[in-house]
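Now for the letters of each chain:
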Amino acid sequence: MDRAAIIGIGMTKVESRKLDKTFADMAFEAVRKALDDAGMTIADIDNVITTSNDFWDGRTISCMAVGDASGASDKNISCVEGDGTFGAFYGLARTLSGSYGTTLVTGHSKGSQSVSSLITNAAFDPIYNRTLGADMITACAMQSNAYMARTGTTPEQLARVSVKNHGNAMMNENAHLGMKLTVKDVLGSEMIADPLHRLDCSPVSDGCCAIIIADEKRAKKSKKKPVWIKGVGMCADAYFLGDRDLSRSESLVKAARTAYKMAGISDPGKEIDLAEVYDAFSYQELMWLEGLGICADADAGKQLEKGSFDIPGRLPVNASGGLMGGHAVIAAGLYRIAEVVRQIRGEAGAYQAKKADTGLAHGVNGLAGQSHCVWILGKDR
Amino acid sequence: MADIFKGIEPMVYKSRISVPYHWWAGETASRFLVALRDEQKILGTRCAACNKTYLPPRKNCPLCFSASMEWMEVSNEGTVVTFTVARRQLASLPRKAPVIFAMIKLDGADTAILHYLDGVDPGRVKIGMRVKAKFSKDRGARMQDIECFVPKGE
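In the order they appear, the protein sequences are chains A and B.
Residue numbering for the first sequence follows the working numbering, starting at 1 and increasing by one per position.
Residue numbering for the second sequence follows the working numbering, starting at 1 and increasing by one per position.
Worth flagging that the hints you see were computed from the coordinates, not collected in a lab.
One or more of the hints may lead you astray.
[As the list claims (entries may be wrong)] Within a straight-line C-alpha distance of at most 27 Å, the following computed DSSO-like cross-link-like pairs (lysine-lysine) qualify:
1) K302(A) - K126(B)
2) K6(B) - K13(A)
3) K306(A) - K224(A)
4) K254(A) - K52(B)
5) K379(A) - K270(A)
6) K41(B) - K52(B)
7) K126(B) - K21(A)
8) K137(B) - K152(B)
9) K184(A) - K52(B)
10) K21(A) - K14(B)
11) K270(A) - K354(A)
12) K270(A) - K306(A)
13) K105(B) - K254(A)
14) K33(A) - K41(B)
15) K41(B) - K132(B)
16) K13(A) - K14(B)
17) K96(B) - K52(B)
18) K134(B) - K105(B)
19) K379(A) - K180(A)
[To be verified] Below, a sample of chain B positions facing chain A; criterion: calculated Cβ distance under 7 Å:
20) P10
21) L90
22) S92
The beta carbon of each residue, even a glycine, is placed where N, CA and C say it ideally should be.
Full structure from sequences and hints, please.
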């Protein structure tokens, strides 16, 4: 594969409610930051990919409404509906096509402006499922029960994910839900849908993230040392929840395998230094770590208890606080990529991992983790 | 809040995304829904090549992409594969919480369907529990023609 790198990142602060900023305002801020980070002007951007969802945006063809604010005037702009990592995947493909030396990728959403339960209910099949009234939380709660029953993972282990990530978020100036919690706090919080307590669930937040992907030639001109894209993989599971063994994530296993093969990784648990994974719900961090092969099946909860995934641990997971610290749906996976870039550059400040040569970023879209996108980023070309 | 706007009154526009929409159920779902309404039978489709029976029924096999599917009646009894109890009155819930959602694998089917579980204390639901469909008296060719599933024997 030809080489490509991430040469600029820009993140708005993730907030529970951005009263002072529209979608376009957020996009402008994130893009401006990414350009400054790369030492570029908008004229250096060859094409633009935005990532959005029409329901979350409250308008159809939502991507086009942020084009101007993303500096896409007179440029080829396209949109991906899904997680930001999926938009970045398309952006990478465009860059590698040879047609564009640089690709700007953005992802935005404002969860505060709508009702997430109604939006995620509308993701269900309208004939067979939707009118029953399940939503993302209830779908994921069923997955959590299936995963816990099969692996023996406990509610306390789930709660520890929440404690760790909310704790890490206290050190991240872009997170809005940093909190010092105990396992007891999590288990004592409102039970929303068994086995998920309120503090097992990430918030639904507002934010926009932008990254700039460049081919090798353009990457060499960037202000900072490029962070190289070593491997990517993407795979989707069946749409109907009942077609899947919800206790496993076959699509994540496949996406990870593809990314590792491209990156030349044979033992992910040893060769990856840190990971930012999609912890929309506490159990997901554990389930995804197993799917990613970072730890053995049914072992993530035990590894977590040993401190393996803490910032000083063997392989820090969601050192930034992850989605627990702030979850701008759609943008969230792009934030994971940007956070891994920060770590590899050594710019993560108080939550910097001690070794960060190779990092993994992960994004999810669909009910109960239907589809996954895995990125391996590295310091060296 | 006032300081972020520097004295400007914050404006909010309230609206809703509301567009009428009609889903044509198609040949496969129509047949399934009519059988539910008229005969209280639950029909799946089976791919002979994969030896797999799908519920809800599929027109084509999602695994091998074959178009050669045959109709099969599956049992109205089955096993709870997983479940949750929605305790909070989530906006999507059409009935009063707590609501028990379950993925149920009916005997004869290889995939599970989503439905309600009733007639059991939310705290006593278990994965592996045997359940039976309770058909609605007021049927209209929709998924709610099965009112809910209840523990077998009740």
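Taking the earlier hints as the rules, which of them does this structure contradict?
Hints 3, 7, 9, 14, 17 and 19 contradicted; others consistent.
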